[in-house]
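Enquirer: Below, each chain spelled out in residue letters.
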Amino acid sequence: MGGRRVRDGLLRGALWASGVLTCALLAFLIGFVLWRGLGHVSWGLLTGQRSYLNHTDGIFPNILNTLYMILFTLAAALPVGVGAAVYLTEYAPAGPWTSAIEFAAETLAGIPSILYGLVGMLFFVRLLRLGTGVVSGGLTLAVMILPVVLRTTQEALKAVPRSYREGAMGLGAGRWRTVYTVVLPGAAQGIVTGCILSVGRIVGESAALLFTAGTAARAAGLLRALHTPSATLSVSLYVYANEYGDLDTAMAIAAVLLLITLAINLLAARTGRRLDRQKGGE
Amino acid sequence: MDAVLSTHRLSLWYGTNQALKGVSLDVPAHRVTALIGPSGCGKSTFLKTLNRMHELVPGVRVEGEVLYRGRSIFDPALDVTALRRQVGMVFQKANPFPMSVYDNIAYGPRTHGIRRRGELDAIVERSLRAAAIWDEVKDRLRKSALSLSGGQQQRVCIARALAVEPDVLLMDEATSALDPISTSRIEELITELKRSYTIVIVTHNMQQAARVSDRCAFFLQGELVEAGDTGRLFSMPGDRRTEDYITGRFG
Ligand SMILES: Nc1ncnc2c1ncn2[C@@H]1O[C@H](COP(=O)(O)OP(=O)(O)OP(=O)(O)O)[C@@H](O)[C@H]1O
Ligand SMILES: [Mg+2]
Numbered sequence: 531m532g533g534r535r536v537r538d539g540l541l542r543g544a545l546w547a548s549g550v551l552t553c554a555l556l557a558f559l560i561g562f563v564l565w566r567g568l569g570h571v572s573w574g575l576l577t578g579q580r581s582y583l584n585h586t587d588g589i590f591p592n593i594l595n596t597l598y599m600i601l602f603t604l605a606a607a608l609p610v611g612v613g614a615a616v617y618l619t620e621y622a623p624a625g626p627w628t629s630a631i632e633f634a635a636e637t638l639a640g641i642p643s644i645l646y647g648l649v650g651m652l653f654f655v656r657l658l659r660l661g662t663g664v665v666s667g668g669l670t671l672a673v674m675i676l677p678v679v680l681r682t683t684q685e686a687l688k689a690v691p692r693s694y695r696e697g698a699m700g701l702g703a704g705r706w707r708t709v710y711t712v713v714l715p716g717a718a719q720g721i722v723t724g725c726i727l728s729v730g731r732i733v734g735e736s737a738a739l740l741f742t743a744g745t746a747a748r749a750a751g752l753l754r755a756l757h758t759p760s761a762t763l764s765v766s767l768y769v770y771a772n773e774y775g776d777l778d779t780a781m782a783i784a785a786v787l788l789l790i791t792l793a794i795n796l797l798a799a800r801t802g803r804r805l806d807r808q809k810g811g812e
Numbered sequence: 157m158d159a160v161l162s163t164h165r166l167s168l169w170y171g172t173n174q175a176l177k178g179v180s181l182d183v184p185a186h187r188v189t190a191l192i193g194p195s196g197c198g199k200s201t202f203l204k205t206l207n208r209m210h211e212l213v214p215g216v217r218v219e220g221e222v223l224y225r226g227r228s229i230f231d232p233a234l235d236v237t238a239l240r241r242q243v244g245m246v247f248q249k250a251n252p253f254p255m256s257v258y259d260n261i262a263y264g265p266r267t268h269g270i271r272r273r274g275e276l277d278a279i280v281e282r283s284l285r286a287a288a289i290w291d292e293v294k295d296r297l298r299k300s301a302l303s304l305s306g307g308q309q310q311r312v313c314i315a316r317a318l319a320v321e322p323d324v325l326l327m328d329e330a331t332s333a334l335d336p337i338s339t340s341r342i343e344e345l346i347t348e349l350k351r352s353y354t355i356v357i358v359t360h361n362m363q364q365a366a367r368v369s370d371r372c373a374f375f376l377q378g379e380l381v382e383a384g385d386t387g388r389l390f391s392m393p394g395d396r397r398t399e400d401y402i403t404g405r406f407g
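Chains A and B, in that order, are what the protein sequence lines are. For the first sequence, our numbering gives the first residue as 531, with consecutive numbering after it. For the second sequence, our numbering gives the first residue as 157, with consecutive numbering after it.
The set of hints was computed from the structure by calculation and includes no laboratory data. Think of the CB as a built atom: it goes at the ideal place given N, C-alpha and C, for glycine as much as any other residue. Take these hints with a grain of salt, some might be off.
[Said to hold, decoys possible] Under 10 Å between C-beta atoms, here's a sample of chain B residues computed to sit facing chain A:
1) Tyr170
2) Gly171
3) Leu212
4) Leu234
5) Thr237
6) Gln242
7) Gly264
[What the hints assert, rightly or not] From the derived model, a few chain B residues whose C-beta atoms are all more than 10 Å from chain A:
8) Pro214
9) Arg227
10) Glu382
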């Protein structure tokens with residue numbers, strides 16, 4: 531009897547300890563990055579750009595490039611990913627073919643991103659001669675996040691009750707009308723969540739972009755950035771820390787990245803809730 | 157007899173499992189036909205075949221014939237969209253779309269190309285009135301249909317089916333999830349609706365079948381055992397198995 535109580539107590543203590551440890555690690559990481567980084571974040575850094583001639587430092591071009599990269603990657607990956615998911619769940623009869631595609635997607639999602647970078651460079655930069663820039667980098671990232679978009683969209687589509695589809699088709703709606711009036715809106719929340727997760731990966735990615743989007747950064751319009759080296763924030767963090775040996779600025783970038791990531795996660799949670807309310811009515 | 161729908165030796169298989177075995181049944185105009193029988197005997201399956209909703213199930217196979225107003229519904233040239241507009245369906249569990257009441261009712265008409273606001277307004281009001289729910293929802297047409305009670309949702313679904321002006325209405329245990337008051341409202345509604353529509357219902361409730369239906373068809377293990385006038389079938393069943401079922405001796 532006493533032995534069991536001791537064992538239960540020990541088990542609960544261990545669980546409690548791992549919970550506390552996890553929280554403590556997270557708090558330490560966030561605290562450390564903000565404490566080391568925020569002091570070096572300045573208006574000049576956020577709005578300026580690095581120049582040897584003028585002796586200025588700044589990450590404004592990197593912020594712009596990150597934004598371009600998000601837009602371009604989503605624009606490339608969303609239609610394909612959502613389209614493929616709709617095809618697989620709504621049109622294709624379930625069978626070996628669809629499970630093969632789903633298996634391929636799972637596998638693709640697990641491949642290290644540096645590999646995507648290497649193949650992206652060989653294929654988009656060299657073979658297709660798209661140059662180092664937002665196009666090559668964005669297409670590489672698009673391939674990389676495609677499985678995420680595909681799987682989250684598929685899960686969202688499968689979660690839409692069958693009764694909605696029956697209701698629509700019972701009124702004479704064709705398959706496509708059923709999909710875009712009833713099924714896709716019902717899956718919107720899941721699709722948006724998938725998008726936000728993807729944005730998180732785009733913002734956080736560096737390895738896949740080193741060879742495809744380049745490490746240089748100059749503030750430029752989107753059109754120019756498409757085919758000229760355009761480092762995102764994450765890449766610039768690597769460059770500042772590794773090539774310039776400027777750890778202060780690297781930590782400042784880290785702090786900015788951390789804040790952006792937090793903002794994305796909050797946004798994801800809020801969007802989820804808002805769409806939930808819309809669906810529930812009133 | 158002017159049958160709106162009639163089936164001839166209709167058989168249906170889900171994969172290798174035969175769910176309907178040579179069912180021949182006529183559905184007369186402006187009457188309520190009730191399909192009764194124990195669970196799993198194929199009532200829902202039979203009902204679904206009448207507007208080809210069974211095709212949503214993968215691996216399903218049909219033999220035999222279903223005629224709608226004299227024409228085969230399996231005719232490759234037939235537009236299944238048009239068929240489902242003529243032969244509408246109300247499901248066992250109320251399934252309003254997660255949209256406003258108004259958009260739910262307008263869904264069918266919009267599907268069939270009606271876009272003008274005034275016309276849609278008129279259809280929405282007419283359908284909600286016909287389904288005896290107008291007074292309860294007229295002030296909340298813009299609210300989500302999911303915020304209504306179960307009985308109200310089911311009547312919204314009936315209104316949604318009526319909005320495309322069908323000829324036949326198929327109702328699969330439309331009241332089985334409802335309380336007695338909502339049930340009797342929908343039963344009254346069915347009696348009301350048969351003036352304008354031909355109705356086929358599935359029910360497990362013998363009293364309900366006796367109250368609302370004019371004709372009754374008894375299914376057992378995929379076979380149609382017998383069909384006839386409800387009064388006759390309940391007072392003088394022609395088959396021993398029918399008698400056992402309606403007197404509650406099995407099922
Ligand atoms: N989608 C399906 N896939 C495979 N088999 C099915 C499917 N739907 C029904 N069946 C089978 O077909 C037979 C008839 O089912 P059906 O749903 O038509 O019965 P029912 O009379 O409506 O029963 P209940 O009164 O319980 O609703 C059953 O044996 C059932 O298992
Ligand atoms: Mg049934």
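Enquirer: What are the numbers of the hints that this structure violates, sorted from low to high?
Expert: Hints 1, 2, 4, 8 contradicted; others consistent.
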